[in-house]
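> Each chain, written out:
Protein chains: 2
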Amino acid sequence: MNWESNVRKVVPYVPGEQPSGKVIKLNTNENPYPPAPGVEALLKNYDVSVLRKYPQPDCRTLVEALAAKYNVKPSQVFVGVGSDDVLAMAFLTFFNSDKSILFPDITYSFYDVWASLFKIPYKQIPLDDDFKIVTSDYKAENGGVVIANPNAPTGVFMGLDGIREILDANRDVVCIVDEAYVDFGAESALSLLPEYDNLLVIQTFSKSRSMAGLRIGYAIGSETMIKYLNDVKYSFNSYTMTALTLELGAEAVRDDEYFKATCEKIIKTRENLKVQLRELGFDFQDSKTNFIFAKHKSVSAEYIFTELKKRNIYVRYWNKPRISEYLRITVGTDEECDTLVVNLKEIIAQGEK
Amino acid sequence: MNWESNVRKVVPYVPGEQPSGKVIKLNTNENPYPPAPGVEALLKNYDVSVLRKYPQPDCRTLVEALAAKYNVKPSQVFVGVGSDDVLAMAFLTFFNSDKSILFPDITYSFYDVWASLFKIPYKQIPLDDDFKIVTSDYKAENGGVVIANPNAPTGVFMGLDGIREILDANRDVVCIVDEAYVDFGAESALSLLPEYDNLLVIQTFSKSRSMAGLRIGYAIGSETMIKYLNDVKYSFNSYTMTALTLELGAEAVRDDEYFKATCEKIIKTRENLKVQLRELGFDFQDSKTNFIFAKHKSVSAEYIFTELKKRNIYVRYWNKPRISEYLRITVGTDEECDTLVVNLKEIIAQGEK
Chain A
3 MNWESNVRKV
13 VPYVPGEQPS
23 GKVIKLNTNE
33 NPYPPAPGVE
43 ALLKNYDVSV
53 LRKYPQPDCR
63 TLVEALAAKY
73 NVKPSQVFVG
83 VGSDDVLAMA
93 FLTFFNSDKS
103 ILFPDITYSF
113 YDVWASLFKI
123 PYKQIPLDDD
133 FKIVTSDYKA
143 ENGGVVIANP
153 NAPTGVFMGL
163 DGIREILDAN
173 RDVVCIVDEA
183 YVDFGAESAL
193 SLLPEYDNLL
203 VIQTFSKSRS
213 MAGLRIGYAI
223 GSETMIKYLN
233 DVKYSFNSYT
243 MTALTLELGA
253 EAVRDDEYFK
263 ATCEKIIKTR
273 ENLKVQLREL
283 GFDFQDSKTN
293 FIFAKHKSVS
303 AEYIFTELKK
313 RNIYVRYWNK
323 PRISEYLRIT
333 VGTDEECDTL
343 VVNLKEIIAQ
353 GEK
Chain B
3 MNWESNVRKV
13 VPYVPGEQPS
23 GKVIKLNTNE
33 NPYPPAPGVE
43 ALLKNYDVSV
53 LRKYPQPDCR
63 TLVEALAAKY
73 NVKPSQVFVG
83 VGSDDVLAMA
93 FLTFFNSDKS
103 ILFPDITYSF
113 YDVWASLFKI
123 PYKQIPLDDD
133 FKIVTSDYKA
143 ENGGVVIANP
153 NAPTGVFMGL
163 DGIREILDAN
173 RDVVCIVDEA
183 YVDFGAESAL
193 SLLPEYDNLL
203 VIQTFSKSRS
213 MAGLRIGYAI
223 GSETMIKYLN
233 DVKYSFNSYT
243 MTALTLELGA
253 EAVRDDEYFK
263 ATCEKIIKTR
273 ENLKVQLREL
283 GFDFQDSKTN
293 FIFAKHKSVS
303 AEYIFTELKK
313 RNIYVRYWNK
323 PRISEYLRIT
333 VGTDEECDTL
343 VVNLKEIIAQ
353 GEK
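Chains as they are written, first to last, in the working numbering: chain A, 3 to 355; chain B, 3 to 355.
This is chain A alone, in the form it adopts within the complex:
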């Protein structure tokens, strides 16, 4: 078929499996707890006839709730269909030069996919052997910088001093700090916004707000930056967020108490899981996220991954250079983690034979 010669051919991102049925799902960093109680109440009383109309193109219900929560102006907030949509829009908007953008070699594996899709040149900068970002590597000329902090799938957090160093060295390009996991004990770069007009911070409702199914991500930056982002969004799709999503998302943001309590529960479970994993012979960098990226001292990651799956326990495994001996294990409920540990113990005993 001749039309195929005009097709943009890409190697797409492969999301983690979404198995259905009775499984313990610790493979896509979802939150084990339900969304804030107000979300359910709002849904039950929702006036369905509203759906016949287009939603707010400026998403103001949600934008205003986020602005109030993070103490910025609504004109500094951009929302999208998950942080993936926000990141895609940001790549399309801000990385429009011939210079390579920079991001780590081990990081969210969507960054190189977006760069390829939009034909943005890029360089992947190696993390050091402890999976830490070497800030001096980000001082060469470039078309932009993207840092996941805490990083995924490593879970490693870089302090704001490091972020500041990268921002200082890159005043003339946009630096994206992707904070999908920041709410589980790390520190946000949002506090640096008043000092840096080249900083764009991106967060998501998919992890700490238990709403992966509702597709909400957001960016906070200078008014100028958000204006450019909105221009591109309005050139792509004027109405990205469903009317329901705007209401339910705003409600989740308003319940700060539930949000904090949920994050604290996950942090507590994570710290317990760390102790148990070490006892089982796993090694890992300290994680400030809702997952642990761990390597076993003697049993291969692929073996453990496959055996866990046979037992209906899903974790994430990549057969990729430098990380093929690691498993990324999402922090679930205490019960789920206990079941995981019991099974790991058996699998490791088996594997060590």
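Derived by calculation from the structure, the hints in this document are not laboratory data. All of these numbers come straight from a predicted model, not from anything done at the bench.
If chains are identical, the list can't say which one is meant, so a pair holds when it fits in one copy or spans any two.
Below are the BS3-like pairs computed for lysine-lysine, each with C-alpha atoms no more than 30 angstroms apart in a straight line:
#: 1; residue 1: K55; residue 2: K71
#: 2; residue 1: K311; residue 2: K297
#: 3; residue 1: K267; residue 2: K24
#: 4; residue 1: K311; residue 2: K55
#: 5; residue 1: K311; residue 2: K229
#: 6; residue 1: K322; residue 2: K355
#: 7; residue 1: K270; residue 2: K55
#: 8; residue 1: K229; residue 2: K71
#: 9; residue 1: K55; residue 2: K276
#: 10; residue 1: K134; residue 2: K270
#: 11; residue 1: K267; residue 2: K55
#: 12; residue 1: K101; residue 2: K11
#: 13; residue 1: K322; residue 2: K55
#: 14; residue 1: K347; residue 2: K297
#: 15; residue 1: K322; residue 2: K299
#: 16; residue 1: K322; residue 2: K24
#: 17; residue 1: K290; residue 2: K71
#: 18; residue 1: K75; residue 2: K11
#: 19; residue 1: K141; residue 2: K101
#: 20; residue 1: K71; residue 2: K46
#: 21; residue 1: K46; residue 2: K24
#: 22; residue 1: K141; residue 2: K11
#: 23; residue 1: K229; residue 2: K125
#: 24; residue 1: K299; residue 2: K347
#: 25; residue 1: K297; residue 2: K355
#: 26; residue 1: K290; residue 2: K125
#: 27; residue 1: K229; residue 2: K322
#: 28; residue 1: K24; residue 2: K262
#: 29; residue 1: K75; residue 2: K24
#: 30; residue 1: K11; residue 2: K125
Given chain A's structure and the hints, the job is docking chain B onto it.
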């Protein structure tokens, strides 16, 4: 700010106003009737805890419902966040050559915005003086063709013979037929799919299915075409549709009886409105959509638009070449159209003085 030099600068699409409060809203072609009754029932009983998890990346609940309805394979159906998202993805995927894509000069005003955003060269081909597409103009070498059928904002429908002629002349490029308004009495090009592997048909839930607020659009084409579209989608955002949207959308598709009854009501109101508008001195091409694109014989469109707005009645007006004497009036309920006609009568009497 230096980073601004790397920004993709665009002139975004401007959506119709979304006024709140007590207004008669006939400006964005929304459906005056609520979504199918099953949608409400499903929403009230929805298990909110599901939202903590990612939705189906392949959107299969909705894809399968659409495939069953249109009697195609699920692998021939692509869904997105409104037909705008589907169109944006299709432009990005299929119009990846140096040759100009072709579309009419008067048509959905998002086409040139997407072309600009993605740096796709394009040529706008003039409609004739009756706002009809001149099929022979689409036989020059090109990088793709986009036809809205029925066309917007004109409401004019081209029979399938015309579509066939364009498809025959363009076997080596993708031809998109955008059928946002097809359910109000026009004929779909879906029946041509078995014959043409270069055809992609795009439809939406925003008009005939009363779900603009839920953001659902879809494309139906050959399996090869849908595969390419999905590859690009997975390179942009793996999870575009909320878990709720997939369920509610599928439910709306299943209730074919309600769908047909609603479309028939709107067609009936439209035919009545045509008679009344002609009596008031309006002229228009026959419309097979849920709107009428009308010009008054003596009073200017801008004047009528402004006066209607003062009376809280919103219609759509573009101050653009060739159409600045036209108003696009959405077909509302009988009551809304009666109120419109009463007000138009007064405004025209006033304007003719």
